[in-house]
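Chains as they are written, first to last, in the working numbering: chain A, 51 to 437; chain B, 51 to 437.
No lab work stands behind these hints, which were simulated from the structure alone. Please read all numbers here as calculations on a predicted model, not as lab measurements. Fair warning: there could be bad hints in the mix.
[What the hints assert, rightly or not] Below 27 Å or equal to it, Euclidean Cα-Cα: the simulated DSSO-like pairs (lysine-lysine) are:
no.	chain 1	residue 1	chain 2	residue 2
1	B	Lys229	A	Lys229
2	A	Lys151	A	Lys380
3	A	Lys340	A	Lys391
4	B	Lys175	A	Lys229
5	B	Lys208	A	Lys208
6	A	Lys175	B	Lys175
7	B	Lys151	B	Lys134
8	A	Lys175	B	Lys229
9	B	Lys175	B	Lys398
These are the residues of each chain, in order.
2 protein chains.
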Amino acid sequence: MPHRRDFLRSAAALPALPLLARRAAGQPPPDVVSFSGLIVREAEPRNLEFPFTTLDRFVLPTERFYVRNHFAVPKIDPADWKLKVEGAVEKPLELTLDELKKLPSATRPVTLECAGNGRVFLTPKASGVAWQLGAVGNAEWTGVSLAAVLDRAGVSTKADTAEVVLEGADQGAITADPKSPGPIHFARSLPIRKARQPEVMLAWAMNGADLTPDHGSPLRAVVPGWYGMASVKWLTRLVVTERPFRGWWQTLHYSYFVREGGLPVLRSLSEIQVKASIARPALGEVVPAKSTHRVFGAAWTGEGEIARVEVSTDGGTTWADATLIDKSVKYCWRLWEYLWKTPDRRGKYTLMARATDSRGRTQPAQRNPDLRGYAIHHVIPVEVEVR
Amino acid sequence: MPHRRDFLRSAAALPALPLLARRAAGQPPPDVVSFSGLIVREAEPRNLEFPFTTLDRFVLPTERFYVRNHFAVPKIDPADWKLKVEGAVEKPLELTLDELKKLPSATRPVTLECAGNGRVFLTPKASGVAWQLGAVGNAEWTGVSLAAVLDRAGVSTKADTAEVVLEGADQGAITADPKSPGPIHFARSLPIRKARQPEVMLAWAMNGADLTPDHGSPLRAVVPGWYGMASVKWLTRLVVTERPFRGWWQTLHYSYFVREGGLPVLRSLSEIQVKASIARPALGEVVPAKSTHRVFGAAWTGEGEIARVEVSTDGGTTWADATLIDKSVKYCWRLWEYLWKTPDRRGKYTLMARATDSRGRTQPAQRNPDLRGYAIHHVIPVEVEVR
Numbered sequence: 051m052p053h054r055r056d057f058l059r060s061a062a063a064l065p066a067l068p069l070l071a072r073r074a075a076g077q078p079p080p081d082v083v084s085f086s087g088l089i090v091r092e093a094e095p096r097n098l099e100f101p102f103t104t105l106d107r108f109v110l111p112t113e114r115f116y117v118r119n120h121f122a123v124p125k126i127d128p129a130d131w132k133l134k135v136e137g138a139v140e141k142p143l144e145l146t147l148d149e150l151k152k153l154p155s156a157t158r159p160v161t162l163e164c165a166g167n168g169r170v171f172l173t174p175k176a177s178g179v180a181w182q183l184g185a186v187g188n189a190e191w192t193g194v195s196l197a198a199v200l201d202r203a204g205v206s207t208k209a210d211t212a213e214v215v216l217e218g219a220d221q222g223a224i225t226a227d228p229k230s231p232g233p234i235h236f237a238r239s240l241p242i243r244k245a246r247q248p249e250v251m252l253a254w255a256m257n258g259a260d261l262t263p264d265h266g267s268p269l270r271a272v273v274p275g276w277y278g279m280a281s282v283k284w285l286t287r288l289v290v291t292e293r294p295f296r297g298w299w300q301t302l303h304y305s306y307f308v309r310e311g312g313l314p315v316l317r318s319l320s321e322i323q324v325k326a327s328i329a330r331p332a333l334g335e336v337v338p339a340k341s342t343h344r345v346f347g348a349a350w351t352g353e354g355e356i357a358r359v360e361v362s363t364d365g366g367t368t369w370a371d372a373t374l375i376d377k378s379v380k381y382c383w384r385l386w387e388y389l390w391k392t393p394d395r396r397g398k399y400t401l402m403a404r405a406t407d408s409r410g411r412t413q414p415a416q417r418n419p420d421l422r423g424y425a426i427h428h429v430i431p432v433e434v435e436v437r
Numbered sequence: 051m052p053h054r055r056d057f058l059r060s061a062a063a064l065p066a067l068p069l070l071a072r073r074a075a076g077q078p079p080p081d082v083v084s085f086s087g088l089i090v091r092e093a094e095p096r097n098l099e100f101p102f103t104t105l106d107r108f109v110l111p112t113e114r115f116y117v118r119n120h121f122a123v124p125k126i127d128p129a130d131w132k133l134k135v136e137g138a139v140e141k142p143l144e145l146t147l148d149e150l151k152k153l154p155s156a157t158r159p160v161t162l163e164c165a166g167n168g169r170v171f172l173t174p175k176a177s178g179v180a181w182q183l184g185a186v187g188n189a190e191w192t193g194v195s196l197a198a199v200l201d202r203a204g205v206s207t208k209a210d211t212a213e214v215v216l217e218g219a220d221q222g223a224i225t226a227d228p229k230s231p232g233p234i235h236f237a238r239s240l241p242i243r244k245a246r247q248p249e250v251m252l253a254w255a256m257n258g259a260d261l262t263p264d265h266g267s268p269l270r271a272v273v274p275g276w277y278g279m280a281s282v283k284w285l286t287r288l289v290v291t292e293r294p295f296r297g298w299w300q301t302l303h304y305s306y307f308v309r310e311g312g313l314p315v316l317r318s319l320s321e322i323q324v325k326a327s328i329a330r331p332a333l334g335e336v337v338p339a340k341s342t343h344r345v346f347g348a349a350w351t352g353e354g355e356i357a358r359v360e361v362s363t364d365g366g367t368t369w370a371d372a373t374l375i376d377k378s379v380k381y382c383w384r385l386w387e388y389l390w391k392t393p394d395r396r397g398k399y400t401l402m403a404r405a406t407d408s409r410g411r412t413q414p415a416q417r418n419p420d421l422r423g424y425a426i427h428h429v430i431p432v433e434v435e436v437r
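So here's chain A without its partners, still in its complex pose (with noise of 0.2 Å):
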């Protein structure tokens, strides 16, 4: 898609270039609500933000879906992609598109959310992507079930601690981490339990359309309930390991500390952390003072769902329960709102919203450092204006 991608060059440093120039410059019409709704947090590699203030609707379109790359996206014809299947396994494949599009499909939707989402609010400033609210969406996504795969390839390994890594296109040298290895691909593991799980997929379509370059084109993983790095776009290869995989991205990156014993031991990041943001009204918003104004967001958990989301407008002194939207779905955000009394008094106003889910696990009010730049679910509180 090299128009896509010259596109949204020019798009992040031009990004009032008009629509006639554009065409001028021999470029396509661009899709204005694609470029346009997203913010551009690196330009290459591509990390785009969904402007989580126009949240409105439970299934966000494909051009309002965040990006989260890690390398410049590899450039792959279907038709010569295979997908391999090895390691511990009775048959080791290689399966076709159209080979895979045979097998039992379903269609589903999942919310995945990066695990720097939140990064931006960190203090002391973490490394990484510096994401706001966005790096989150739901979409529906359309494809074959992890565990039938394996099941065709025969997994051979009893092991408890046997895993599946899934590993894409993507590659290259990480040259901004001095302590990085040479060259290499994208990849990750799941444990064997959660690979073998009937919602994790191997997904060829999002939205009823074929996957885009931008979302891992020809086929991605989607791993409901864990963290989007889980979710391998251009998967290439699948490996059954005896061991847990220790890749670069679930080490030195993708990891998270907690105590045992006193000892600080590193863990893989894997599930997603309960968690309720507030899309409007935006940090800073003015709001009338003496009306009803809708306080409106969404919330999501990892293995549970969402079972309350309580909403503070004195800064986290007293917390009265939101309206959760439509019916609960495992593994998607759900929508909430609260009609928020505004005060006769003008000033500034701290909100917040706080989400438990159905296991009982609730959003912290300080941030645990040991999380290090990841899994950002604290309460995060935003300052509006009463006038």
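Since chain A is already given, all that's left is putting chain B on it; use the hints.
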């Protein structure tokens, strides 16, 4: 030791401050050999390098031995100090220094090398302390075997994966790394197999005297054959674990990658890699033409012994055997020399040394980037001038 610390700080700022001025400033007369002899790589925490060009003997005096500290030197009163032994043990222990000294002790020479020794030569530049050649030294250590202490506590796990975590009193926040966890202690583990080897010591003395604060007083580990980070200083706790310990200093730091089936997999640094370093002539030294000039250095390895050192005086085109000096002592460096018939023709010449150990391992010519900033043991050229 506030005096020493104050002195060091002054020394870093004012390396040429004369002795009389120091006395006038109320500072003790500095130990000139100690501090003029070490290169300050970082003043706080203290990271001091042995100038490798001054190598002149098998056992280095303590004041010429490199210092690698991760945090400020902890203040410990040996009378109050105890070593805790806990985790998967039958009988958790607390041992005083006197109790430890009553166990059978031994004195043995051991070479320690920092895993980052030689980092200053890496391109692209790696993060971490910019050691040249001298983050290595050989000293005599006195203490009890770690195995004897573990036997007293009675290791209660039979797991193959069992480890012993060694925790130091040194602690703090890792402010230089924006992805670090909250405040932690220095800690490092050994697989139970290595921990039980008789050569692994808990040492209270170095070169016949109590450990100095910089070298881990009152008790440190000495792990022969492993890079220095395993020889935890200021020991306060041993924790036997069932599973491998994934602490900060063996995952994000002091770790490297190996390729398994094309997948880069993280490993904790452990064994010292075979290496020869040239002490003299020094980089840029002027050497007389048409003479016999002594090329001199040391070579060391991990679990094996040094079998051979070769020298090249033409940038690696031809190699000749160096002479190994004295007899081999396991886990110690071995001094070597080569009598170079210097050429008639004046100009720049590139010297190289290359060691091979008793297991047939030899130094690579090129750096492997998967080693990140560690285990720097490729051949490092020394350019000299023949005049």
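To see whether the hints hold, each was checked on the structure:
In summary, the hint linking B:Lys229 to A:Lys229 is supported, as the alpha carbons are separated by about 13 Å, within the 27 Å threshold. Pair hint A:Lys151 plus A:Lys380 holds up; C-alpha atoms about 25 Å apart against a cutoff of 27 Å. At most 27 Å may separate the alpha-carbon atoms for a hinted pair to count; A:Lys340 and A:Lys391 meet this at roughly 7 Å. Our distance criterion of 27 Å between C-alpha atoms is met by B:Lys175 and A:Lys229, whose separation comes to about 9 Å.
Pair hint B:Lys208 plus A:Lys208 holds up; C-alpha atoms about 21 Å apart against a cutoff of 27 Å. Of the pairs offered as hints, the one joining A:Lys175 and B:Lys175 holds, with about 23 Å between alpha carbons and a cut-off of 27 Å not exceeded. Taking the CA atoms of B:Lys151 and B:Lys134, the gap is near 15 Å; set against the 27 Å cutoff, the hint holds. A C-alpha spacing of about 9 Å is found between A:Lys175 and B:Lys229, which places the hinted pair at or below 27 Å, so the restraint holds.
The hinted pair formed by B:Lys175 and B:Lys398 meets the criterion: a straight-line CA distance of about 25 Å does not exceed 27 Å.
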